[in-house]
Structures are given as C-alpha cells and as structure tokens.
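Each chain, written out:
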Amino acid sequence: MAASASSPLPSPSSPPPSASPPAVIQEGAWVILQMGDGRNFFACAQQKGMMRLGRVTISLSGLIGVPYGSVLEVHPDRLVPLPGTTELYEDLSVGDMDGNDFARGGAPLGEYDGVSLDNRDFADTNTAQRLSMEEVEELKRSGASGQAIIQALASNSDTWEKKTAFAKQKWTQKKAHKYVVRVRALAGCGSNVAEALFVKSGLVKTTAIRPDSIAQLLSFGNVAAGARVLVLDSYSGVVLGCILERLGGEGKAISLYAGAQAHIDHLKYFNLPTDQLAQTLVHFPASALAELEVGRARRRAEGGEGGEEEDARFLATAEEEARARASGKFVLHTTREGEGQGEEKAAGQEDFDRAKWLKYLEKKRRRLCVLAEGRRLLIEGADCLVVASRHDPSVVVPRLLAFLEDGAAFAVYHEYLEPLVALYASLMEAGMLRLQMLSTWWREYQILPGRSHPHMSMSSDGGYLLTGIKVSQGEAGQREGGGEEERQGQEGEKSSGKEGGGNRKRHRNQR
Amino acid sequence: MDFALVQEWEREESQRGTPSTKPDGRVVCTATKRRRPFQAGDMVVVMERHDSYSHVYLEPGGMFQNRLGHFHHDDIIGKHVGAKVMSRSAGGRFIRLLLPSPELWTMSIKQRTQIVQDLDQSMVVFKLGLRPGMRVLESGTGSGAMSHAILRSISPHGHLHTFEFNEARAIDAQVDFERNRVSHLVTVMHGDICQDLSLSDEESTIVCTSAHMETESDGKDPLGEHNGLAPNGTAAASQPEAPPPLAHPPAVSVAPVARTLRGRIDAVFLDVPSPWLAIPLAAAVLKANARIATYSPCFEQVFKTCEALREHNFHSIRTMEVRHKQFELRRTCMPHLDFGDGDSVGVGEDLGGAAEKGNGVRGDDQNTAHARETGPKKSESEGMEAWRSKRKHREAEGGKDARPFAKARPVMRGHTAFLTFAVAGLHPPKSLGPGAVGPTVPAPWIPTSGPPAPAPDPVDELAAEA
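Quick note, the sequences are listed as chains A and B, same order.
Here our numbering is used: position 204 in the first sequence is 204, and no number is missing along the way.
Here our numbering is used: position 224 in the second sequence is 224, and no number is missing along the way.
If you're looking for bench data, these hints aren't it; they were derived computationally from the structure.
Be aware that one or more of the hints could be misleading.
[Stated by the list, open to error] List of simulated lysine-lysine pairs, DSSO-like, C-alpha gap at most 27 Å: (1) 178(A) with 140(A); (2) 170(A) with 304(B); (3) 304(B) with 168(A); (4) 140(A) with 170(A); (5) 268(A) with 287(B); (6) 174(A) with 200(A).
[Claimed, not checked] Partner residues are not named here, just some residues of chain B that face chain A (Cβ under 7 Å, in silico): (7) 82; (8) 155; (9) 289; (10) 326.
[Claimed, not checked] Here are the in silico distance ranges between beta carbons for each label pair: (11) 290(A) with 326(B): 28 to 38 Å; (12) 409(B) with 258(A): 27 to 37 Å; (13) 258(A) with 326(B): 26 to 36 Å; (14) 444(A) with 168(B): 29 to 39 Å; (15) 76(A) with 411(B): 50 to 60 Å.
All of these numbers come straight from a predicted model, not from anything done at the bench.
The beta carbon of each residue, even a glycine, is placed where N, CA and C say it ideally should be.
Using the sequences and the accompanying hints, generate a full structural model.
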C-alpha cells in the first residue's frame with residue numbers, strides 16, 4: 001500500500017527563491033508592449049520574432065535582456081531600449097516654453113494658467129499648419145527623427161504661440177504617438193495581462209472580463225497558496241492564470257474544460273514556469289464529473305462518510321496509474337469515458353508504426369494520470385470554487401458546489417445578471433451563507449495640476465458577481481468528532497453498507 | 001486502498017502550509033483546515049445574522065454573549081463548519097459557525113479605525129500583483145483588515161512589515177496577529193512612516209513591538225542591528241501558544257529601517273493621513289519596477305501624493321475609485337394591465353400572446369392549429385403551450401406567480417477612498433534637455449541579478465546633507 005513513491009503528488013515544495021518575476025526579459029518570455037495611446041500588444045521575446053506594432057513591422061530580438069518596465073523605441077524596425085527614461089515621452093517636451101516639466105507632471109500646484117489663455121480666438125479653419133502632408137513625408141524619407149518632425153510641425157503652426165501650455169503639451173504628446181513609436185515592456189503578471197486583454201477588446205466587446213471582477217473572484221473565492229481551487233474559466237485562461245499566480249506553486253487548480261481540450265490561449269502570457277504548472281494545474285474534463293457525483297452525494301447524505309465504494313473504482317485507477325508511472329510500464333485501463341475503445345482498436349493494428357504507438361501510449365498515459373489525479377482531488381473535495389463562464393450558472397454552479405468542502409468560499413462571475421438571479425434563488429433555498437450579488441462601478445481619474453477630473457470615458461459594465469460560503473444543510477453540518485481519525489477508523493469496515501439507507505432517507509426528507 | 005488514500009492525504013496535508021504547524025496561518029491559509037472540527041484554541045467566525053459577524057477564540061469552559069443570547073465554547077468545540085449552535089439562554093436562537101478568512105475577519109473585527117473594505121482590498125491586492133513569497137511594506141496597520149488580506153496573498157513564505165503610529169493599536173494588532181497565528185509573517189512597528197527622513201535618529205523614533213522578528217540570511221536582525229537589540233534568538237524561539245509578554249518596545253528610527261529594507265520590498269501600501277510624506281521612504285525601499293498603492297479619502301491627498309510620486313520617479317500613475325452595487329433577491333409578480341381585449345386575452349396573457357397578435361393571427365386556437373401545419377412555427381407554439389400548462393400547474397399548486405428578480409439596494413456606500421497605483425521607475429530622474437533626442441545606442445545590457453541602476457538613496461542623500 002505504499003503509494004508514496006508512486007503517487008502523483010508533488011514533492012515537498014521549498015520556498016521559491018524569488019517571488020517576484022525575473023527582472024529582465026528572458027528569451028521566450030511573453031511581454032506586453034504598452035503604447036503611449038494605451039494600446040497593448042502581446043509579444044514573445046524571440047531572436048527571430050517579428051510582429052506588427054500599429055503600422056510598422058518590428059523585430060523582437062531587442063527585447064531579450066532588457067529589464068521589465070523599460071521604455072523602448074522603434075528605430076526603424078527594431079526595438080531599442082532607452083535607458084534612463086521613466087515616462088514614455090519625457091524628453092519630447094516641445095511645449096516646454098515656460099520651463100515647466102509638463103511631460104512629467106506639469107506646473108506646480110496653484111499655478112494653473114488655463115484662464116490666461118483661452119479659446120476665444122480659436123477658429124477651426126484647418127489652415128494653421130503650413131507644412132503640407134507631402135513635405136512631412138519628405139522629412140520622414142530624409143531620415144529626420146520624430147522629434148525633428150514634431151519641432152518642424154510646431155514651428156510651422158500659426159496657432160502654436162496662442163496655445164496654452166497645457167494645450168501645447170497635449171498637442172506634442174499626440175504628435176509623438178504618431179511620429180515617435182515608443183512602448184513600455186510590461187511583465188505578464190495577472191493584473192497586467194487582465195488589463196491588456198480588457199483594453200485590447202476595446203471596452204465595447206464582451207470578449208474579456210474586467211480586471212476588477214477578476215480581483216474580486218480571487219478575493220471572495222479565498223484563493224491562497226495551498227488551496228485546492230476548482231475553476232471553470234470561459235475566458236481563455238486569464239482567470240485560471242491569475243489563480244495559478246496567486247497559488248504560487250502550492251495547492252492545486254482543477255480547471256474544468258468542455259469538449260475535447262481546454263481553451264487556455266491566454267495562459268501563456270503569464271510566463272508561469274513549466275514545473276510550477278505541472279505541479280499545480282490539473283485539467284479535468286467536465287464530462288467526467290457526473291460519475292464522481294454519486295460518491296460525493298452518498299458521502300454527504302451519510303454525514304461525511306460513506307461513498308467509498310463508488311469512489312474506490314476511480315481511486316483504483318489512480319493507484320495503478322501512479323504505480324505505472326513509477327515503473328514506467330503502461331497499464332491498460334477500462335475507463336468509463338470510452339477511452340478503452342480507442343485502445344482496442346489501436347491494439348488490433350499490429351503493423352502500426354511502433355514509435356507512433358508508443359508516443360500515443362505515452363500521451364494517453366499522461367492524460368490518464370492527470371485524469372486520475374483530478375478524480376482523487378475532487379473525491380476529497382475542493383477548498384474554493386471560482387466560476388467565470390458563459391454557461392448557465394444556475395445549472396452549472398449547484399452541481400459544482402457538490403465538490404466543495406463545507407465552509408469553502410465560492411465566487412461566480414457572469415456577464416448577465418438574470419442567470420445569477422436564478423442561481424441566487426436556488427442557493428438561498430439550499431441554505432448557502434453570506435450570499436452577495438454584486439456589480440462594480442469603476443471610475444478612473446486624471447490627476448494633473450489644474451486638470452484633475454474623472455476620465456472622459458469609462459467602462460459601464462463589469463459584469464456581475466455572486467459570492468457566498470458553502471454549507472450543507474442537515475447532518476453534515478452537525479456531525480461530531482474528528483473527520484480524520486474517523487476516516488482511519490473506518491478503514492476496516494469500509495465494504496459494509498453501514499447504516500447508510502436510513503440516513504439517506506432522513507437526509508432526503510430534510511432537503 | 002483507503003488506507004493509502006488517507007496516508008496520501010495526511011502527507012499532503014503535512015506538506016501544505018508552513019512546515020511547523022504551530023503558527024499555521026489559519027486565518028489566512030485556506031487549506032490547512034479542511035475536514036477538521038473546531039478545537040480549543042481555534043478562531044471561529046460567528047454568524048449572527050446575514051450581515052452581522054463576530055469572532056471567538058475557543059477555550060474550554062469559555063462563553064460569550066451577543067444579541068442572540070449566551071453561547072458556550074464547549075458547544076462549539078467538536079462541531080464542524082456551518083453547524084448551528086443553539087443559545088443556552090434564549091430558546092430557538094442560534095448562531096452559525098464559519099471558518100475565518102480575511103473578508104470575514106474584516107466583517108467581524110471591532111473597528112479601531114476606518115477599515116479598508118473588501119472591495120478596495122481585492123483591488124489593491126490584485127493591482128499590486130501580490131503573490132506568495134513577496135515582501136510588503138504597509139502603513140498604517142489600523143484594525144488589521146488590510147494586513148490580513150495582504151497576508152493571505154503572500155503566505156506562506158512572504159513577509160509583511162507594517163507600521164502603526166498609535167501605540168495601543170500597534171500592540172493590539174500584534175496581539176491579533178499572534179492569536180491568528182500569522183505573526184511569523186508579520187513585523188509590527190510602532191512609528192510614523194511619514195516622518196521626515198532627514199530628522200535625526202532620536203527625533204524620528206519607530207518602536208518595534210514584534211515578538212517574531214525575522215532572521216535574515218546573514219543572521220542579523222534587519223532592525224535590531226541598528227539599535228543594539230540582542231540577536232532575536234529568544235524571540236524566534238518563543239512559543240506561539242504562549243507569546244512572551246510584550247516588552248517595552250525598543251526604539252529604532254526611520255532612517256535605519258529604510259536603509260535595511262532598501263531595494264528589498266516588492267510592494268508598498270499606504271493608508272496614512274499624509275501619504276506624500278512617505279513616498280521618499282517608499283521609493284527607497286521598493287525594488288525597481290515594483291508597485292505602490294495609496295488609499296486616501298480626499299482629493300487633496302491624492303493630488304499631493306501624485307506630485308510626490310512623479311518627483312520620485314514613479315510612472316504609470318493611476319487613480320481610481322471602485323464601488324459595489326449590491327442586489328437583493330425579490331420574489332414578486334408584476335401586475336397585469338387590462339387592455340380590454342376580452343376573455344381570451346385577459347388577465348394572465350403573456351408576451352407570447354402579444355407576439356402572436358403582432359403576426360396578425362387572430363385567436364389562440366386558430367393560431368395553434370395553423371402553426372402546427374406550418375413547420376417552423378411548430379416548436380415555438382408547442383413550447384408556449386408547455387409553458388402555459390406548466391404555469392397553470394404552478395398556479396394550481398400554490399396560486400403564486402411570483403418570479404425572482406434582482407433589486408438593487410436603495411442605498412450604497414458612496415465613497416471610501418481613492419486608490420492610487422504607481423510603478424517604481426528603473427532609473428534615477430534624468431535631467432531633461434532639448435538635446436536629448438532620439439534613441440541612444442544601447443550600451444551592452446547587463447542582466448544583473450540585483451536591481452539594475454539603483455535609484456539614488458534619499459536616506460543617504462539626506463544623511464550626507466546633515
């Protein structure tokens with residue numbers, strides 16, 4: 001029964017050497033390139049990497065070895081770091097006529113001169129600029145720097161002198177975005193990735209989940225290192241990535257997927273180490289949940305014990321799997337998802353290319369290992385449930401809650417309120433505690449001397465959240481005695497039916 | 001088989017959380033408390049009503065009292081989470097038992113100060129990018145609500161350095177951390193982080209109350225080495241069950257703290273009256289490209305803070321506000337408006353009926369018959385019929401036509417504070433000149449292990465001036 005050596009459990013984890021991500025961009029890392037106008041691009045730092053950044057195609061080799069947070073300039077088709085630069089366009093202060101450092105913050109408090117110059121003489125004739133488009137193009141072709149072009153544009157503008165200092169700065173910044181392409185290389189941490197994906201989707205599309213919603217899913221879901229989190233993420237892995245980051249290599253994220261494989265396109269942006277992913281992430285097909293519900297339901301009905309017979313079948317698979325992994329030998333299984341059929345079929349083709357066959361077996365074995373581990377984890381129960389899904393939560397969540405331990409927190413996100421209302425009603429009937437149905441209002445402010453105000457546009461919809469704490473009504477909440485000791489004590493009598501029948505009946509009546 | 005499972009489970013349990021089970025971080029750690037009934041010494045969150053929580057540290061023979069009557073600790077010990085415990089005095093009244101979490105801790109504490117609400121907590125923790133193993137500086141400690149939220153995300157290997165300028169609150173917070181078994185993750189310091197760093201050591205006094213000062217790899221205490229504190233062997237060896245009586249806090253000063261932690265902090269959170277005064281310190285202790293968050297109720301504070309952040313070479317400065325709109329569940333039915341359509345379309349007619357009229361088909365029976373013949377309409381009409389029969393059934397059952405609706409609570413909290421986030425720059429401020437145009441040829445980049453191009457240290461600068 002020495003399952004220890006062969007179990008799929010992680011080895012005891014030592015504290016990670018450094019919690020913060022690496023300070024410099026490694027080759028192969030995903031980086032977020034943030035432009036001055038707020039656009040974000042995901043880029044993979046590779047020697048031969050190329051990508052389109054707005055209007056130009058650039059080489060990405062310049063990213064490697066540069067510290068995260070650096071400012072880089074496109075010059076002319078590669079990225080060149082600008083050491084010593086903090087703000088993107090801090091050296092491009094053409095409007096710096098009054099000696100004020102506008103790019104870095106503007107006039108000191110109380111020296112707002114917006115009143116002294118106003119727009120009473122402004123005429124929108126579109127004739128103020130003496131330089132023609134052709135002349136600007138000619139300048140560009142002659143290899144003039146962006147700064148020089150902006151200078152030329154400013155000195156050829158009739159209205160330049162009449163502009164307020166603020167207007168000059170705003171004008172310069174706007175031109176800078178056009179003629180000097182600069183980016184900041186951001187690390188792919190949870191908040192950056194979530195922000196970039198959300199902004200990228202342009203606020204109007206509902207393809208991304210708003211960062212504040214992810215923040216709350218993590219907090220109200222009580223996600224912390226060491227927790228066993230059951231996740232359903234329909235947002236291509238961005239929620240899952242944030243959870244894995246918060247777990248930090250300790251605990252498990254059991255990620256449910258529908259269909260043939262998990263859709264986790266965005267997970268790569270988080271640059272999570274492979275060994276950490278292998279240790280903490282368990283993909284589990286949602287279609288394999290139903291068979292596990294029997295044992296869970298039984299155990300719940302019998303006040304925390306029982307259901308072992310139902311579970312044993314799956315745990316047997318897990319055991320053999322683990323042993324097979326240790327010995328390097330593949331063990332044939334007949335599982336209930338019809339995976340065995342492929343086995344037989346393949347076994348019939350003796351002249352099948354052996355290498356391919358072995359590869360196939362290895363892949364299958366690995367998949368079964370993960371499946372077995374997921375089963376084991378779910379049979380034991382999860383600590384948290386985080387759902388950010390497009391599925392109907394009123395159908396999905398009550399069934400997922402069955403795999404949660406009592407006292408565990410859950411957080412459900414949905415882009416619509418109505419399905420959450422139905423869920424709220426059913427969870428209230430089921431006696432869940434501290435139920436909250438929420439939407440979040442999120443407003444940003446521009447804080448600049450004389451120009452502080454809320455942003456002119458803001459997101460009006462962050463979706464809806466339903467959070468709560470799972471408790472079971474009836475026996476489970478009232479059971480006495482230590483669970484662990486009892487579990488060990490029952491080891492000998494597990495096969496007997498126990499007093500299950502009566503208990504179950506009583507439980508049903510209560511529900 | 002089952003025995004093996006239990007063994008595995010036990011082994012995994014023992015691997016989780018901190019290796020020593022004594023200060024197990026129970027309040028902030030989610031996993032170590034699975035499947036165990038409440039024991040003496042545990043902290044239990046007591047739910048009195050859906051919006052009213054308190055907490056209790058269990059001890060045999062103990063009892064407590066709330067609006068629902070008297071409750072005995074012995075009635076709680078041995079119970080599992082979610083259990084109801086009946087009042088000993090008032091018949092039929094009960095409390096529910098819950099496991100502690102930072103959110104429930106926030107709900108259940110006696111507020112020593114204005115606390116950071118759970119929504120603001122979640123935004124700060126997320127946008128600071130906190131993750132296990134990080135080292136965080138916080139001020140002020142206040143009621144410890146934010147501290148616990150930070151601790152949850154940096155446990156089990158990180159560390160929180162927290163400053164509180166009110167001595168009583170600093171000691172109370174230290175006691176809370178001890179009782180919640182997270183003191184191994186926290187160093188509480190009594191002192192004002194906003195003091196001018198240029199003051200002499202005697203003037204700017206920070207008092208350290210931590211009984212569990214952390215031992216650095218070089219074996220020196222990060223704070224003790226500057227104030228003649230004995231190496232903290234005694235403090236570290238102390239038993240968490242019986243924390244030593246808090247000695248009169250030894251005095252350390254701001255500058256040495258800043259010097260010790262310089263360039264070693266991953267994130268700073270400031271909830272102090274004058275956060276702009278603490279920005280120099282924050283700039284000194286933060287790693288390059290690390291983040292800071294400030295929490296200020298007033299606009300003037302935000303303005304000065306942003307100014308100070310720009311001065312100290314922070315970038316990506318963003319100020320924001322988040323608010324919750326809470327929805328309640330209402331079961332209600334909407335009154336019908338009688339259009340005078342006669343019997344067939346009277347009370348209880350539904351939208352489906354209206355749609356039919358829109359299609360120009362008169363009469364329910366006709367429509368149904370017609371629809372059955374013309375294929376595509378079939379399912380819709382049948383669905384409607386099913387819906388009607390279901391509804392009739394429901395009406396017969398309870399006579400109730402109520403449906404659940406979400407209704408926003410009429411009053412919401414209008415404001416807590418502005419959250420300002422910023423990122424520490426990689427470089428010292430550059431003197432700007434019109435000549436500095438275009439990209440310079442990049443020097444061969446040195447990927448150092450330490451923070452590249454350390455910022456000028458205000459501490460040293462100020463010391464040099466003095």
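Hints that the structure is at odds with (numbers, increasing): Those not satisfied: there are none.
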